[in-house]
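A.B. asks: The lines below spell out each chain.
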Amino acid sequence: QQQVKQSPQSLIVQKGGISIINCAYENTAFDYFPWYQQFPGKGPALLIAIRPDVSEKKEGRFTISFNKSAKQFSLHIMDSQPGDSATYFCAASINSGYALNFGKGTSLLVTP
Amino acid sequence: ETGVTQTPRHLVMGMTNKKSLKCEQHLGHNAMYWYKQSAKKPLELMFVYNFKEQTENNSVPSRFSPECPNSSHLFLHLHTLQPEDSALYLCASSQVSTGELFFGEGSRLTVL
Chain A
1241 QQQVKQSPQS LIVQKGGISI INCAYENTAF DYFPWYQQFP GKGPALLIAI
1291 RPDVSEKKEG RFTISFNKSA KQFSLHIMDS QPGDSATYFC AASINSGYAL
1341 NFGKGTSLLV TP
Chain B
509 ETGVTQTPRH LVMGMTNKKS LKCEQHLGHN AMYWYKQSAK KPLELMFVYN
559 FKEQTENNSV PSRFSPECPN SSHLFLHLHT LQPEDSALYL CASSQVSTGE
609 LFFGEGSRLT VL
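Protein chains in written order, with the working numbering: chain A, 1241 to 1352; chain B, 509 to 620.
Here chain A stands alone, though its shape is the one from the complex:
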């Protein structure tokens, strides 16, 4: 049973546009929600993470929005750049512990 559902599977955005990736979860015990970014030939790397005590976290052009009642969280990439083209994974776990449950990933392409 997939614990974290991610959409869309792929996304094409023009340079300067906003990229939005959504994730939903079922387990209300989850309290740590990271996003990982993976470039071809590389392993995933932590991009940004949020805990449910806040509804939004922003780091540069990247923002996580969190809706606890809906059990959803999303990644917004503002002013998307071609260098942002990568695969993005959302994940969730309990107590920022090691059992991270990953979504299937979203392949983002930012066109010039």
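Read the hints as simulated data drawn from the structure, not as lab findings. Honestly, I wouldn't trust all of these hints.
What follows is a list of derived Cβ distance ranges for each label pair [unchecked claim]:
no.	chain 1	residue 1	chain 2	residue 2	range
1	B	PRO569	A	ALA1269	46 to 56 Å
2	B	SER570	A	VAL1294	12 to 22 Å
3	A	LYS1297	B	LYS526	39 to 49 Å
4	B	SER570	A	GLU1266	29 to 39 Å
5	B	VAL520	A	SER1347	24 to 34 Å
6	B	GLU561	A	GLN1254	45 to 55 Å
7	A	PHE1279	B	PRO516	17 to 27 Å
8	A	GLY1300	B	HIS587	40 to 50 Å
9	A	GLN1242	B	PRO569	14 to 24 Å
10	B	HIS587	A	GLY1256	29 to 39 Å
Each residue gets a CB set at the ideal place from its N, CA and C atoms; glycine is no exception.
With chain A's structure known, arrange chain B on it following the hints.
C.D. replies: Quick look at chain B alone, frame taken from chain A:
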């Protein structure tokens, strides 16, 4: 360079071969993991070692055998694999208290 090094980067093996994947972390972390990454599927957690003790085994077939001789090294021994085991195998490490995973670049395994 993430501080997590995996070798070999590419491996082709027959179904009757025995091979091993190696992972080394230079970050002083106390937990190490094996993940399997297949196309269109979520990252699958295979094994977790916390302070060299295996703490999680997600119903992984016995043809995969992990070994963690110390907190810096992790191996995945492969024996009598199936073609469906072809995937990218990712090693990661973390400080258990923080939860952030640092991934290696992965070992691309092809089983003929």
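A.B. asks: Now look at each hint and say whether the structure bears it out.
C.D. replies: Hints versus structure:
1. B:PRO569 / A:ALA1269: 46 to 56 Å: The hinted range 46 to 56 Å is violated for PRO569 (chain B) and ALA1269 (chain A), with Cβ atoms some 28 Å apart.
2. B:SER570 / A:VAL1294: 12 to 22 Å: violated (43 Å)
3. A:LYS1297 / B:LYS526: 39 to 49 Å: Given about 46 Å between the Cβ atoms, the range holds.
4. B:SER570 / A:GLU1266: 29 to 39 Å: Since SER570 (chain B) and GLU1266 (chain A) have Cβ atoms about 30 Å apart, the given range 29 to 39 Å holds.
5. B:VAL520 / A:SER1347: 24 to 34 Å: holds (26 Å)
6. B:GLU561 / A:GLN1254: 45 to 55 Å: At roughly 50 Å between Cβ atoms, GLN1254 (chain A) and GLU561 (chain B) fall inside 45 to 55 Å, so the hint holds.
7. A:PHE1279 / B:PRO516: 17 to 27 Å: About 20 Å separates the Cβ atoms of PHE1279 (chain A) and PRO516 (chain B), which means 17 to 27 Å holds.
8. A:GLY1300 / B:HIS587: 40 to 50 Å: holds (46 Å)
9. A:GLN1242 / B:PRO569: 14 to 24 Å: Check passed, 20 Å falls within 14 to 24 Å.
10. B:HIS587 / A:GLY1256: 29 to 39 Å: Violated, since HIS587 (chain B) and GLY1256 (chain A) (Cβ atoms, about 51 Å apart) do not stay within the stated range.
In terms of the numbered hints stated before, the structure departs from hints 1, 2 and 10, listed from lowest to highest.
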